[in-house]
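Peer 1: Each residue of the sequence shown is one higher than the one before, counting from 1 in this note's numbering.
In short, the hints are calculated from the structure, not lab data.
Quantities reported herein were computed from a predicted structural model and do not represent experimental measurements.
Cβ coordinates follow ideal geometry from the N, Cα and C atoms, glycine included.
Hints should not be assumed to be uniformly reliable.
[Claimed, not checked] Listed next, with one range per pair, are the computed distances between beta-carbon atoms:
| hint | residue 1 | residue 2 | range |
| --- | --- | --- | --- |
| 1 | N197 | D99 | 36 to 44 Å |
| 2 | E144 | V41 | 24 to 32 Å |
| 3 | N197 | G100 | 42 to 50 Å |
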Amino acid sequence: MILILILLNFIFFSKNIEAKSFSHQFVLTNNLIDLNFFKIVDLPVPTPTPTTEIKQNSQKILSFDYKLSKTKDLPPDLPLFIVVFDQKVIFSADASLADGLTHHVQLNLETIDPNYLGKFPVFYQNNYLNDFEFVLENLSFINEPESIRENILQIKNLNLIREFDQSLTVVFSLEEQFKNHYSYQMFCLNEKKEVTNSAKLIKNDDFLWSKFSFLNFFSNQKNELIFHLEDFKCDGLVYLSNEFDVRSEEVSIINVKDL
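Please model the entire structure based on the sequences and the hints provided.
Peer 2: Shown next, in the form of structure tokens:
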């Protein structure tokens, strides 16, 4: 009897326990989410002079004032309104600028599109959030740039990282007296310091504004800007420059495996 109990104990407790496997799979058939993130702002569009007069007077600068005020805390890098010219974002303001102050903006349309005549940018407001107030005033065309306070800007700490998939990550910081928006271009130099390749830094993967390409940028809360280029070839040194010819130092691309 004792021998039988020992054998039964051995059979039951030495047997491997197997979990049942499931053949069910959950398939995501549609990952598109449309929450109507933006709406067109209803504006009194200024009437430009006739095309011939615009050419003579060089009436190419769009001027306006805006004010953003938060009613609740918002993520600082969240865009609240954008200005779009032919699917290109030529200006954007995020929650970090929702300070309740009036900000003055001047946009040179000719530098964005040489064929700007007869076109007018579209202003979009974030329609998903209700925790801010947006005021737009003094929208007009002007002939010459108005005098604005000079910004002291330096492009610092440029880092170029070649990822495993051969794409390029671009990270740099800004030191500036007043926070303004700028566009940036990257240049590749050979041994003779000649430009062999260049690329504009453009953002087109914003989850809120995925239909548009961002051309001008504010730095984030850490005064940094980060870009990702799928294809940029360069065997020499690289530097950055903005539209006011402010240049960074010349640096080499670093492979991610060497970090």
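Peer 1: Now, for every hint given, state plainly whether the structure supports it.
Peer 2: Okay, the hints, checked on the actual structure:
Against the hinted window of 36 to 44 Å, the Cβ-Cβ separation of N197 and D99 comes to about 40 Å, which satisfies the hint. With their beta carbons about 26 Å apart, E144 and V41 fall inside the hinted range of 24 to 32 Å. For the pair N197 and G100, the beta carbons lie near 44 Å from each other, so the given range of 42 to 50 Å is met.
In this structure, none of the earlier numbered hints is contradicted; all agree with it.
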